[in-house]
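Participant: Mind docking chain B with the ligands on chain A? Use the hints.
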Amino acid sequence: MDDAVVPAAAPTPGTSGVVRAGAVDVLAGGRGPIGESDVSPAAGPASAVEFTARADQTEIVATPVELRAVTRRFGDTVALDGVDLTVTKGEVVALLGLSGSGKSTMLRQINGLDQPTSGKVITLGQSVDGLNQAGLRRLRSSIGMIFQQFELVGMLTVLENVLTGGLARLRGPRLGTWSYPQAAKLEALDYLWAVGLADRAFQRADTLSGGQSQRVAIARALMQRPSLLLADEPVASLDPESTADVMLLLRQIARDKGLTVLCSLHQVDLAMGWADRLVALRSGRVVLDESAAALNREQVMAVYRPVPSNSAK
Amino acid sequence: MNGTSIKDPVRTELPRRGSFWPAAKPRLALFGLLLAGLVALGYVRIDPAAMLASRANAVNFFNRVGALSFPGATDLLYQTALTLGIVLLGTLLAGVLSVPVAFLAARNTAPGRSAQVIGRAIGVLARATPDVVLAMVFALMFSLGALPGIMAIGLHSVGMISRLFADAIEQIDSGPRLAVRACGAGRLQELTAGVLPQVMPSWLATTLHRADINLRGSVILGYVGVPGLGMEMRNAFGALNYSRGLAIAVVIFGLCLGMEALSSTLRRRMLGAAPVKASRPAAARAAPTPSAAQCVVTRSAGQPSSTKSVAPDLGRYLERPWDGQRVKRLAGWCTAGFALAGALVVCQINLTDFVTVWSHLPPVLDKMWPPTAGAYGIWRLLGALMATVAVAFAAALMTLLASLIIGSLAARNVASRPSTRNFWRATLVVIRGIPELVLGIVLIVVTGLGAQAGTLALAFCHIGLLGKLMADSFEELPAGPQRALTAAGAGRLQMYVAGVLAPGRQAVVGHALYVLDTNIRAATLLGMVGGGGIGYYLLVAGQGSNYGQVTLIVAMIVAVVMALEGLTVWLRRTLA
Ligand SMILES: Nc1ncnc2c1ncn2[C@@H]1O[C@H](COP(=O)(O)OP(=O)(O)OP(=O)(O)O)[C@@H](O)[C@H]1O
Ligand SMILES: [Mg+2]
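Residue numbers (the numbering used here), protein chains in the order written: chain A, 101 to 413; chain B, 72 to 647.
If you are wondering where the hints come from, they were derived from the structure by calculation, not from laboratory data.
Computed from a predicted model, the values in this text were never measured in an experiment.
By construction, the Cβ of each residue, glycine as well, lies at the ideal position given by its N, Cα and C atoms.
Wrong hints could be hidden among the right ones.
What the hints assert, rightly or not - Covered by chain B, according to a simulated footprint, are these stretches of chain A (three or more residues, beta-carbon under 8 Å):
hint : region
1    : 229-241
2    : 246-259
3    : 292-301
Here chain A stands alone, though its shape is the one from the complex (with noise of 0.2 Å):
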């Protein structure tokens, strides 16, 4: 974490501890970290240090992500066009903008799934291009990622998806159920509880409707114990029921546990009424960046319109 860039207004590592414990997982009941002390006795005290180092750095930075003159080129397209963008602690925004106008380009910058052709892109305090492999991962472990088609492991369970989840605290490879420690299935199991399916512990992933697939994926997204939530247009798929579903359950998530939420977005009412900030993009630049409440539907459906719109700020 040397390379990491530790804006102002990061406490000392000192005082993290204290503040990590305010804002204990209300979901999970206030659960301590996975120990592997089931497994090994050794190995529990340095993941628990492993991860309350995680989290020092990850939870308390006042502005989780920082986009600079952000932009990203594929050949001749311009996906993102100097893209600015900053996102303070616990907001809720709504990411709108037409098909191809550079959504999930920008997503995928913030956890470092690809990389700007220049720009800085500063994730949870974290300047992302200057992280190495295992920088990333640690980065990664602590956004979640909620993507339109779910990206469930359908050969697998349920529980293990949820499960794989919490991959980033655990070492060396898992396969199977079995080989979780049972710290962790009960953390699992308590985010299966918080989105309702807690049943369905063991049924294959690919067996469930479009709804609940997503719900396991916010689950899955919990396990990781985020400070982060991106969603990729996280009910592009489904129909109106389960899309009031997931994104009450998202809205609720974000309230509980102080997260921060960056959620890609087609239906601008439901946008509206959801979000505390509506972003646009158009061509990959911000053409729209206010409070929702501050907005009417007008002004917001103006970034749909064919012509470059005025009134966009």
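Facilitator: For chain B with the ligands alone, kept in the frame of chain A given last:
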């Protein structure tokens, strides 16, 4: 109704296939291969008159043999178990070894371009080196018994298995894997959590399929001292105890048919286990999440946390229910475990062998180097190699012609009567169950002919595979052109040629090349049992401890196999 006005719509209906093979080079190569096949047919002298004459031989032979004489039940059971055990352990070893090779070779998991090349090269080399040669070499290094056979099967099978494993890896859905990566999983964790579960069914099916192939090929291992049914049969024939030899051949036939049936059923189960989308239960979920009715998505949704109040005993959900799926899975694991334990017991593997093998390695390598043609001279060996290639080409051409007919008759869109189609489909299944090596041995022994009998056995047995592949490909052809031809009032033969053969020729060529590829290896093995060609020299060199010759002959075989594989891969790619 003049000719042109009828033909025009037909021509427009045939999609793009009209301008097929734009380059002349692959077409020329194909023509060359066809010509080679014809020349090979002449070379092998498939001579109906001689075959008719040999019929008298056969009758004579069977009169002399009288009734089949099976070994005692215990002995037979033991030999069968030993053969199955060697095949099982060898295939399992190959499966395990193939995992890292496949991860190296697959485009989406290779750590780098050079790793990918290395992975591929290991596969190609393993595939080109016949298992019987490996068994010969390992017999020098390990104490006698099952181990050389297991190791030989294990290393040789890595060739095919690792390639199919790598194909499966390349076909996975990258989304879930990316999601696992986004969770912060490590590289190895990403593979086990995101990749392995996706490829597992296909990997198991591949391994089972290979076990099937290895059982058929295991007979030849008996010729170089690997115990089991193959060796028993060879000893019987060697002692001119034909009634015993034939009896064992019958047992191997039965075993192969049984294995084929078992493995194809299991494979269908595994790959066809497409999950049934569970319908959304109407009953209220155990969830504390609000139901849709009260769901208004707003920023201020539900001030007090509904999730906070829930503190049930979640431990009970950790008790996995004993549903049918779980029972079946456990039964599967138990069966596999028993089979493995049984195989280990019956094969009596001497673990100290793995320690002592290293001290045996240098002298063996020393014996094998330098390669030499010995008393035969290089030209004689080259001639024998040509004979083997000729057997492969001749057999491939015969298989192609027969499969075109049978495959067509078995295709839904050619044979209009279901009874015809079903009959030929069933015939193909039966043929596929017959191991070419055993048929070859029996034919050679019975008719007294060499290369001819070997070619016939090879040609016949591969009809099962090629015919099926062709029938499947024909059935997958788009129906449009045929419908258009029907509309144009084409005759049955016209329809077949223009609607099936013409658009399907690409698949036909691809499958035929595949068969030619496998034929080279099979022809070598047939040579060892008297089918003519280089195999005979290989066996004699091994038995006479002329290991320099073995090295040279193997190098020649590997070179031919790789050259041909390169050619067929190139052809298939340019024609695709
Ligand atoms: N890997 C890539 N290679 C080439 N071009 C890409 C790649 N990823 C994205 N693009 C291009 O970048 C632009 C932005 O894509 P992006 O997926 O971010 O859009 P989006 O806003 O998420 O669209 P949608 O709403 O359809 O998901 C598009 O023009 C797309 O074609
Ligand atoms: Mg997108």
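Participant: Counting residues of the region 246-259 of chain A with a beta carbon closer than 8 Å to any beta carbon of chain B, are there 3 or more?
Facilitator: holds (count 8)
Participant: Okay, the region 292-301 of chain A and chain B, do three or more residues pass the C-beta test at under 8 Å?
Facilitator: holds (count 9)
Participant: When I compare C-beta atoms, does the region 229-241 of chain A have three or more residues closer than 8 Å to chain B?
Facilitator: holds (count 6)
Taken one by one, the earlier hints all hold for this structure without exception.
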